[in-house]
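Peer 1: Spelled out from the first residue to the last, the chains are:
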Amino acid sequence: MAVGDSRLERLFWGAGSALVVAYALIPVVWIVSLSLKRSADLGDNRFLPQVASLEHYAAVFDDPQFSAALWNSIGIAGISTFAAVVLGSFAAYAIVRLQFPGRRLILAAALSIAMFPPVSIIGPLFNMWRTLGLYDTWPGLIIPYMTFTLPLAIWTLSAFFREIPWDLDKAARVDGATPLQAFLRVIVPLAAPGVFTAAILVFMFAWNDFLFAISLTSTNDARTVPAAIAFFTGSSRFEQPTGSIAAASVVVTVPIIIVVLLFQRRIVAGLTSGAVKG
Amino acid sequence: MSRRTAAEHRLGWLLCAPAVIAMLLVTAWPMLYALWLSMFRYDLRFPAEREFIGFDNYLAVLGSEVWWQALSNTVFITVASVAVELVLGFVFALIMHHAIIGRRLVRTSLLVPYGIITVVAAMSWRFAFDPTTGFINALLGLEGAWLAERGSAFFVIIQTEVWKTTSFMALLLLAGLTLVPDDLLRAARVDGADAVQRFFRVTLPLMRSVIMVALLFRTLDAFRIFDTVFVQTRGSQNTESLSIVGYNALITRLNLGLGSAVSVLIFLCVLALAAIYIKGFGIDLSQRKEP
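These protein sequence lines are chains A and B, in that order.
Heads up, the final residue of the first sequence is numbered 278 in this note's numbering, and it's a clean run with no missing numbers.
Heads up, the final residue of the second sequence is numbered 569 in this note's numbering, and it's a clean run with no missing numbers.
Any given hint could be a false lead.
[Claimed, not checked] Short derived list, chain A residues pointing at chain B, Cβ under 8 Å: (1) Gly14; (2) Phe90; (3) Trp166; (4) Phe231; (5) Pro241; (6) Thr242.
Because the hints were derived from the structure by calculation, they are not lab data.
Here a beta-carbon is modelled for each residue, glycine too, at the ideal position from N, C-alpha and C.
Whenever a hint applies, use it, and build me the whole structure from the sequences.
Peer 2: Set out below in structure tokens:
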């Protein structure tokens with residue numbers, strides 16, 4: 001509890017909280033409201049729709065471009081997450097549990113990649129992927145996503161793994177468990193929250209990326225949702241498909257909001273691990 | 279070295295190898311390749327004209343108005359958005375720290391901007407400020423296309439960045455605030471320090487390293503700004519950021535030589551920024567996160 005709790009102060013912080021919540025949610029409410037407006041009402045300059053209609057959602061799901069992009073996004077982000085978390089777990093386990101020269105070097109290298117500007121390598125990747133046949137394919141995006149999220153995975157997992165009482169598996173062995181049982185029954189449940197946190201953060205990165213997505217893809221074969229939204233075309237060339245963009249935006253935002261609501265503690269712990277612990 | 283430690287070293291390297299190799303192959307190797315490409319006249323539309331030209335591409339980039347304009351735009355966006363985020367982030371963190379009712383609600387709502395796709399956030403704000411579809415002009419009683427003029431376009435871009443990323447700043451700062459001992463604040467209060475003095479004399483100095491880490495991450499991130507500018511103006515109204523210039527040269531115009539020179543220069547800028555923070559402000563990242 002903070003210092004001093006007079007009634008006035010409580011009121012002050014309460015009002016402040018309400019303002020923060022409003023500020024954080026207004027653009028989200030706005031895009032939902034826009035997606036529910038009828039086409040004719042899109043230009044009515046109102047914050048809320050006069051009549052709610054699902055026509056834009058119907059249009060978006062009818063659009064093969066969007067369904068393809070949604071599938072690509074789920075598949076590419078999912079596989080990248082799995083790969084980054086598996087490779088990250090190996091590395092983090094070694095860094096936390098084993099003594100070997102180069103541990104610090106690996107952490108430092110991971111950190112410098114976290115600061116690396118992706119725009120600096122899109123040209124070479126574009127050229128290499130064309131030669132290797134990876135341009136506009138799933139692996140063409142999975143490889144950079146996995147790499148750019150490995151630092152995040154390694155740092156988050158090391159921070160969590162450091163807190164695990166690893167000797168518990170010895171205790172289980174003394175009690176008669178086989179090494180495999182000890183690992184599966186004792187270590188895996190202890191490590192799961194960290195792995196899960198890393199997976200959420202990595203998934204959010206891959207789900208969000210735009211630069212690689214528009215540089216390394218060109219068709220529905222591998223184009224992900226952010227790229228599809230930015231390049232949505234209306235029924236005519238000159239019409240801005242505002243309603244479709246809004247509906248598509250809501251569709252891809254809903255899963256993120258659910259994840260945030262369910263796992264907020266883990267996300268916050270993952271974000272602040274390392275940066276604050278000293 | 280005993281056999282056991284040798285085996286441990288080997289296992290350690292074996293476990294790290296896949297991650298290290300992936301990171302080297304996808305960052306270090308393309309970076310070197312970019313360095314190599316930047317020495318060539320190499321335009322994919324005229325591949326036959328490929329030839330070695332040394333540093334001419336760099337001279338062309340550094341001699342162009344576009345580069346310097348984009349650099350100053352990027353620096354402006356970075357400084358303005360990070361400065362606002364720091365202040366606003368502190369306000370949000372203090373609110374979460376002090377609020378008794380609704381602290382969880384505030385934290386949950388703040389995670390929404392953090393989690394939302396940047397392209398979606400940029401779209402939402404673009405439509406909100408748009409004179410035809412938007413509600414902001416009606417709300418403020420204004421008319422005018424925000425994204426059609428340079429000053430107001432910058433305002434929309436920066437405010438989108440601030441909305442999207444203040445949460446990250448606020449959550450880091452909140453975690454830092456919990457490290458400030460209450461006893462110290464109580465003692466300062468007893469000694470007659472008012473809220474403002476307590477914040478600037480006690481809280482702030484104790485949080486220095488957390489603030490610096492948050493600033494470092496946010497500065498480097500803001501400097502790479504691409505998505506928001508691409509969605510909101512595509513660089514029109516003279517709002518191009520460095521990443522947009524790099525993307526246009528490489529992917530839109532397929533000029534791999536010139537574009538790679540831009541890429542290398544952006545990389546050097548980021549390196550310089552990181553060096554300024556780490557050496558200049560004495561952030562020791564390796565030590566604070568080491569086991």
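Peer 1: For every hint, state whether the structure bears it out.
Peer 2: Status of each hint after checking the structure:
no., hint, in the structure
1, Gly14, "holds, 6 Å"
2, Phe90, "holds, 4 Å"
3, Trp166, "violated, 12 Å"
4, Phe231, "violated, 10 Å"
5, Pro241, "violated, 11 Å"
6, Thr242, "holds, 5 Å"
When each numbered hint is compared with the structure, violations occur for hints 3, 4 and 5.
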